[in-house]
Amino acid sequence: MRSSWRTQGVLLVVMGAFTLLNLVPILWGLIISLKQPGEAFSIPPTLIFEPTLIFHREVWVEKGFLAFLWNSLVIAAGTVFVSVPIGTLAAYGLARTRSRQASTLLFGLLAIRMLPQILLALPFFVMARYLALVDTYTMMILAMVAMNQPFTIWLMRSFFVDVPIELDEAAMIDGCNRWQAFWHVVLPAVRPGLAVTSLFSMLLAYNEFLFALILTGKNTKTLPVAIAEYGGEDIQYWSISAAAAIGIMLPAVIFTLLVQRHLIRGLTFGAVKG
Amino acid sequence: MWLFMLPSVLVMALVLLYPFLSALYYSFTDYRLGGPPTRFIGLDNYTGLLTEGRFWADLLNTIGLVGISVALQLVIGMALALGLYGMTRGVRLVSILNFLPHVVTPVVGGIFLKWLFVGRWGLLDATLISFDIFPPDWLGDPFWARFTVVIADTWKFMPFLMLVLYAGLQSFDTALLEAASIDGANWWQRLRYVILPMMKPLILFVVAIRTMDAFRFFDLVYVLTNGGPGTATETITLYTYQIGFRMLEIGRASALGMITLVIVAIMVAGLIWFMTRRGREAF
Chain A
1 MRSSWRTQGV
11 LLVVMGAFTL
21 LNLVPILWGL
31 IISLKQPGEA
41 FSIPPTLIFE
51 PTLIFHREVW
61 VEKGFLAFLW
71 NSLVIAAGTV
81 FVSVPIGTLA
91 AYGLARTRSR
101 QASTLLFGLL
111 AIRMLPQILL
121 ALPFFVMARY
131 LALVDTYTMM
141 ILAMVAMNQP
151 FTIWLMRSFF
161 VDVPIELDEA
171 AMIDGCNRWQ
181 AFWHVVLPAV
191 RPGLAVTSLF
201 SMLLAYNEFL
211 FALILTGKNT
221 KTLPVAIAEY
231 GGEDIQYWSI
241 SAAAAIGIML
251 PAVIFTLLVQ
261 RHLIRGLTFG
271 AVKG
Chain B
1 MWLFMLPSVL
11 VMALVLLYPF
21 LSALYYSFTD
31 YRLGGPPTRF
41 IGLDNYTGLL
51 TEGRFWADLL
61 NTIGLVGISV
71 ALQLVIGMAL
81 ALGLYGMTRG
91 VRLVSILNFL
101 PHVVTPVVGG
111 IFLKWLFVGR
121 WGLLDATLIS
131 FDIFPPDWLG
141 DPFWARFTVV
151 IADTWKFMPF
161 LMLVLYAGLQ
171 SFDTALLEAA
181 SIDGANWWQR
191 LRYVILPMMK
201 PLILFVVAIR
211 TMDAFRFFDL
221 VYVLTNGGPG
231 TATETITLYT
241 YQIGFRMLEI
251 GRASALGMIT
261 LVIVAIMVAG
271 LIWFMTRRGR
281 EAF
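Chains as they are written, first to last, in this note's numbering: chain A, 1 to 274; chain B, 1 to 283.
Wrong hints could be hidden among the right ones.
Pair ranges (Cβ atoms, derived) [claimed, not checked]:
1) A:Glu-166 - B:Leu-43: 53 to 59 Å
2) B:Gly-270 - A:Glu-169: 41 to 47 Å
3) B:Leu-43 - A:Met-172: 52 to 58 Å
4) B:Phe-55 - A:Ser-4: 54 to 60 Å
5) B:Leu-17 - A:Trp-5: 56 to 62 Å
Footprint (simulated), chain A over chain B, 3 or more residues, beta carbon under 8 Å [stated by the list, open to error]:
6) 137 to 146
7) 216 to 230
Keep in mind the hints are simulated off the structure, nothing from the lab.
Cβ coordinates follow ideal geometry from the N, Cα and C atoms, glycine included.
Let the sequences and hints guide you as you build the complete structure.
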């Protein structure tokens with residue numbers, strides 16, 4: 001389908017126009033966050049204005065969004081810290097086993113994806129109440145580990161499968177036991193995979209809304225819950241919540257740039273290698 | 001080898017299996033937080049929900065909203081993937097920019113969209129009004145609210161389909177395409193008889209994933225319409241949330257969750273069966 005100069009030109013224009021259209025909601029949010037409220041509601045909407053950063057300052061410093069950012073980061077980091085090590089071990093085990101039980105387990109993990117999140121949210125809510133763990137990081141991290149574990153295992157497994165089994169065998173002939181072969185030889189070979197998996201798990205925890213809505217409270221509130229409370233309705237708060245929205249979005253953008261080469265693999269449980 | 005899996009299996013038993021079994025148990029009780037002592041009531045929750053109008057309306061809503069938006073996403077995503085495939089430069093930039101809506105925190109994405117659709121001050125209304133066009137109530141009218149939710153879901157998930165389908169296109173054996181052109185197949189014929197049949201497993205895969213997601217559909221609707229007006233855009237998940245966390249009827253909400261699980265399982269199984277059996281004629 002590679003073709004002439006003219007086709008390329010048309011393609012570029014069409015794709016460029018669509019991209020722009022696709023980004024309108026984000027660009028509009030960015031513009032609102034930089035405008036004085038008076039200008040933000042003019043009809044017709046203005047594109048030329050004097051940008052201001054006061055709302056960005058106001059929301060993060062005065063409205064306390066920095067504290068919510070901290071909560072989000074603690075929960076995301078905690079999730080990665082628990083989920084990725086144990087998931088990596090399991091993924092290695094599954095990548096190097098050809099038994100029927102192993103493939104049953106793998107498909108069982110995939111089936112967990114069919115579970116409606118809200119079904120798990122109910123018992124988590126009850127547990128949190130009974131263990132007096134409402135509004136603690138612990139409960140939220142446990143819930144995020146539950147949501148992430150099958151994903152972590154599948155994604156890490158796809159990276160282990162890429163490492164030839166001869167590597168393990170060579171290490172074991174040289175006198176390593178199974179654990180040493182894993183720790184000294186195979187694990188260093190999947191370091192990029194480990195980074196990608198950690199980043200994906202972090203993003204999933206960072207973006208999570210339903211569980212955060214139920215399990216966090218005034219001490220552990222995460223960014224998505226905080227911004228949802230401000231909402232988009234009351235125009236008095238538009239500039240402020242737009243500034244928050246743009247700030248919350250930034251880590252997601254950085255994330256995309258960091259994992260761009262592995263995006264597709266991450267999005268498909270490791271099934272499609274981009 | 002099993003020793004490697006042990007820590008993960010133990011943790012999953014604690015955070016997945018145990019909660020799942022508790023939810024299953026709650027679904028047979030009249031458990032209500034802060035309510036009278038819990039009694040075992042057998043299948044009453046299930047029969048109650050299955051004979052209720054709101055449940056069926058929400059189920060239809062969920063299937064309708066997601067069915068339409070998945071179809072839209074598939075068509076647009078495929079078109080974009082083909083576009084990317086045909087481009088010789090700028091592919092990476094275009095794909096990353098188009099991918100952004102998918103990684104943006106769903107709640108934030110919902111708020112961005114709200115500023116487009118919200119009455120009078122939203123970008124869409126403000127623009128239309130300045131051209132003296134009287135806009136519909138995007139979020140307040142049942143029909144337009146559904147329309148808005150479909151657009152929102154499409155905006156959010158189209159990038160995912162685009163990237164995965166593009167990856168599929170790239171892994172092709174180009175010799176087949178060249179052979180088809182030499183045999184005189186035009187662009188449309190190559191798409192229909194060469195590309196689509198080869199993409200079938202991948203299309204099945206993404207549609208299955210999106211079907212599972214459909215029943216988790218929550219964040220965007222919660223922010224955009226919260227199920228309104230009335231229950232016009234209420235999805236099954238939103239209803240479960242209402243029962244479980246607003247009315248605190250854990251038993252009934254668990255039963256609804258279980259019903260949802262069964263529906264998802266049936267749909268995914270049906271999808272796999274349909275695509276593998278009818279596959280040859282389907283495309």
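Structure versus earlier hints, numbers of those that do not hold, lowest first: Hint 6 contradicted; others consistent.
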